[in-house]
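Asker: Chain residues, written in single-letter form:
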Amino acid sequence: MSAMPDPTGATQGLRGGAFLFGETEDLFSPEQFDADSRLMVETAYSFCKKEVLPVLDRLDAQEDGLMESLVRKACELGFAACEAPERCGGLGLTKSLATRILEALSLNGSFSTTFGVHAGIAQSPIVLFGSDALREKYLPHLLSGEWMGAYALSEPNSGSDALSLQTKAERTADGYRLTGTKMWISNAKWAQTFIVFARTNEGVTAFVVERSFPGVTVGPEEHKMGLKGSSTARLELEGALVPEENLLYVEGEGHRVAFNALNLGRFKLAAMALGPARAALHHAAQYAKQRKQFGRPISEFGLIREKLARCAAMFYAAESMLYRTGGIVDHAFQQVDDAAPDRAEKYRRAAEECAIEASIGKVFATETLALCADEALQIHGGYGFTEEFPVARIYRDARVTRIYEGTNEINRIFVATRLTKKGVFQQLLDCEATDECHDLFLRSVRAAWETMGENLISDQQICARLSDMAMNLYAVQSAAVRATQATGPQGEFGRACAALWREQAGVALAAAAAEVFGRCGKAGEPVSLSSSGGKDVDAIATAVLESDGYPIL
Amino acid sequence: MKILVPVKRVPDPYAKVSVLPDGSGLDTTAIKFEINPFDEIAVEEAVRISEQREAEVVVVSIGKPECEEQLRKALAIGAHRGILVETEANLDSLGVAKILKKVFEKESPDLVIMGKQAIDDDANQAGQMLAALLDLPQMTFAAKVELLDGKARVTRETDAGQETLEAPMPCIITTDLRLNEPRYVALPGIIKARSKPIEKIPLADLGVEPECRVHTLKLRPPAPRQAGRRVESVDELIAALKEKGVLNG
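Protein chains in written order, with the numbering used here: chain C, 1 to 553; chain S, 1 to 249.
Extracted from the complex, chain C is given alone in its bound form (with noise of 0.2 Å):
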């Protein structure tokens, strides 16, 4: 078997893209949490219950201060420090942990995109890249929750297509003059802090840039179909005066700060999806149970039935991924010293490593909010197209977690083109299959390189296909494995939910496959899987019902 290329010194299985060679070793499952970090999960569970849930209304309308006040509980609770190194005032915390307490933030989209946005990307930037003095200057103010954040990529003009802003930065004699506007800025009303990414004559460079400083401002809310609680706006740059301190990491290097903040930012929208998620099998559960119809509970109907099982089994899957991907995270993170003077490289290559998957994990946990939301409506019936049920209101927010942090079309080129151009997918021309989703993924990648070769990066539909293809294996080897570590009851219902998602999988692998192969001329090849007939619905709904939603926190 070949192995990837290995930058971080990372062992077998807690590589990057290591999935792909059928590598399952050191697996990380929620259920290997401590009873510390159990406690602080917990903490954050009943925070988001007791604090955020009550006011969704009020958060919607903007309320004046609600938000802010919100955000600030959470960071005297120590949400927001979670990450950031003690050495810089922070916990230390792991990113699993630090992810899994903001997954249970999560459960009301605006609040998750405020304090996401918030605790990560508008801060992460900072950590990893920026200087001491830098650290010094801005972190305290936002770990404390005295100020809050922000970050400003995109622009009118570019969106998925990042490298292509146009803000300018020009020199000046002690620093840099900004000019150009940022658009779909996430807590653009409340922010002190902006990481903005510019463009000198070395290339895109990054800023921290300060609401006060001169030149900035932020342009009128955006009236957006969901998420209303959540602040989006322009931020305008005219001529904004920024010192040369302020630069973070290199001048002309600032991709490497905005995608490197994108891949963690992605690796933590997978919990910012589960959050709602998790809500939405929550109110199905207990509406199910409630309402009836000829004469019974319309949770003992088998449709019912089985769509709350497929959601427990894809949230189950997305689980399984997210917490798989954040044992890799921290192996690679805890290779680096944070007191070292060349931390900021080693942290960037940490946080290349989980690239694939933090890809992947996004687009399979927004698509598995994308069915619990659809489907907790559907459950409700007329009822869930009204807004005296709280479905219609995640429905609505779930919508753009397809779109931010990459769309999901984006994310799935991006993964198709970077296991091209690592040359992975040659590396997996001579591995073995360790099983039957393995092997029809590997027949898939041969016959679509042996006909393609590099140039699949410029067919989408044969790149988003592989894509989905190594998504599903991730997910169906993930489930596998950890519910096999899995002890007790959240052992069976995790094999349970496994099996299923290896059923639904199967569907969607073999379709994809089926269409690679026409595509390459190779319409005969045998696509089909081995399935249990849906054997697993009754159990896991059965779980569902009985916990009133999701059983495992």
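These are calculated hints, taken from the structure and not from any lab test.
Certain hints may be false.
Said to hold, decoys possible - Residues from chain S shown here face chain C by an in silico Cβ test under 8 Å; the list is partial:
1. Thr29
2. Glu69
3. Arg72
Computed from a predicted structure; not experimentally measured.
Backbone N, C-alpha and C define an ideal beta-carbon position, used for all residues, glycine too.
Model the placement of chain S on the given structure of chain C, informed by the hints.
Answerer: Showing chain S alone in chain C's frame:
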């Protein structure tokens, strides 16, 4: 001053519990355990006192090694150190009170604050028994606690209205639900609690025998509730109750 707060490990009050098939106990494989909510209120009250004035808060639990989880949570809320009296034995309220008496004698606290009852067996006896064994004043079901010079003042809610009691310290106070609302456990507190000391004392070392006069013969879940029916008038209701034999004549 020193405040002693006993904390009991109990099943999560929101967990659905099920009885083992042989009726010998609860199926604990899947349930989460928590600090008894009334005890958590007691911890919160003691920690608030220690934030106002010089006070050491000592939390004590009795039971298996897993009780350390609840002690750690109490330490994360802000208690200063913990004591775990290790025993596998079943204990009833008097058994618990006798052990707590030994811990009291060892620690000589100025005040004991404890839950009025535990949500598992709802006995509501240990605090009162502890006071009797120590021959100390007791003020139960506290809805408000104030510390005066050498005295404690407790306001309790009764059916007749509010009642205010005062007793010299040391004394035993048991907490009602409305005394306070326990805080969220802040993350830095959880990390700090890792390095706070927990002293483990085997029960035998306290010189007291585990005692349980209450014997559990068998547990069984309550019978499932039958569906009711709607009646149209008072007359029909009376007739139905007579029919069921609930009303005579």
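Asker: Identify whether the interface hint at S/Thr29 stands, where standing means a beta carbon of chain C within less than 8 Å of its own.
Answerer: Holds, about 5 Å.
Asker: Is the hint on S/Arg72 kept, meaning its closest Cβ partner in chain C is under 8 Å away?
Answerer: Holds: closest Cβ of chain C sits about 7 Å from S/Arg72, inside 8 Å.
Asker: Report holds or violated for the interface hint on S/Glu69, using the least CB-CB distance to chain C and a cut-off of 8 Å.
Answerer: 5 Å, holds
Consistency with the previously given hints is maintained throughout, with no hint failing.
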